[in-house]
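Trainee: Sequence:
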Amino acid sequence: MYVTTHLTRTSLLHPFLLIILICVSTTLAQDWHFVAFTTPEGQEFISQSGNMIVPPIHEAATNYLWPGLQSTDNSGVYQNVLDGRSGSWWFGSGWCCSNPSLPWGGGFGAEEGDVLFFNNTRNANATEWVSVIEKNCGEASATNSFPIADKVMNDAPFAAELYGAWDFGPLVFEDVILGLIRVARKIATGSDTGFCTDNPWNYNGATNVSVVGVQATVHTDTVTCSIESITLWGPA
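Numbering-wise (my numbering), the sequence shown opens with residue 167 and increments by one.
No lab work stands behind these hints: they were computed from the structure. Some hints here could point you the wrong way.
Said to hold, decoys possible - Listed next, with one range per pair, are the computed distances between beta-carbon atoms:
1. H224 x T293: 40 to 48 Å
2. N240 x P269: 17 to 25 Å
3. V384 x E277: 37 to 45 Å
4. T386 x E278: 38 to 46 Å
Predicted model only: the values in this text are computed from it and were never measured. Ideal Cβ positions, reconstructed from N, Cα and C, are used throughout, including at glycine.
Please model the complete structure; the sequences and the hints are all you need to start from.
Mentor: Structure (structure tokens):
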């Protein structure tokens with residue numbers, strides 16, 4: 167299902183290349199809108215959860231709205247995608263797009279106003295990532311496992327990948343929680359929480375965005391980033 171495009175951070179914005187991969191066609195997204203939270207060097211995300219509020223859909227359009235996790239080897243994105251190609255929304259999880267090539271996970275239809283819960287977690291044995299998605303607190307759900315635990319996830323983008331017009335209003339993520347694990351024996355410093363409390367990277371300044379209610383909590387070997395809401399209002 168999902169295209170490959172390369173989005174490069176300049177040296178002034180960030181020290182390395184970000185590649186966002188979605189869909190396996192030859193057509194590049196005409197319009198990228200996303201913000202991304204990035205871990206400190208040598209650290210990685212081990213979980214991502216939250217709710218996405220389903221916006222209206224007016225007609226069939228190749229637009230993909232999603233939260234996800236990007237790996238350091240630039241081989242793909244682990245994501246929960248709201249897909250509008252059929253003229254109605256469909257929500258599902260998967261790894262896109264190669265190394266390894268994996269089948270897309272299960273999902274379900276969604277309508278305007280639905281609350282879509284997503285929880286992506288690397289299991290305790292570090293053998294796989296598990297995605298749990300739900301609609302309206304259990305009205306529909308799907309659970310899928312992906313053998314990608316060898317990937318080091320260091321970017322957490324929240325994206326509107328558009329091949330059509332932004333005609334669906336604000337894209338809202340609520341109650342977002344990002345879990346980060348520090349390298350062994352690393353002392354907690356300000357940089358451990360900066361990925362959370364600093365403003366996320368707004369690709370090309372292309373999106374009007376607001377991030378509200380950010381709090382970082384440092385534990386013995388992890389940092390938890392809690393965010394009340396991330397709203398992509400539309401093109402800047």
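Trainee: Please write out, lowest number first, the hints stated earlier that are contradicted by the structure.
Mentor: none
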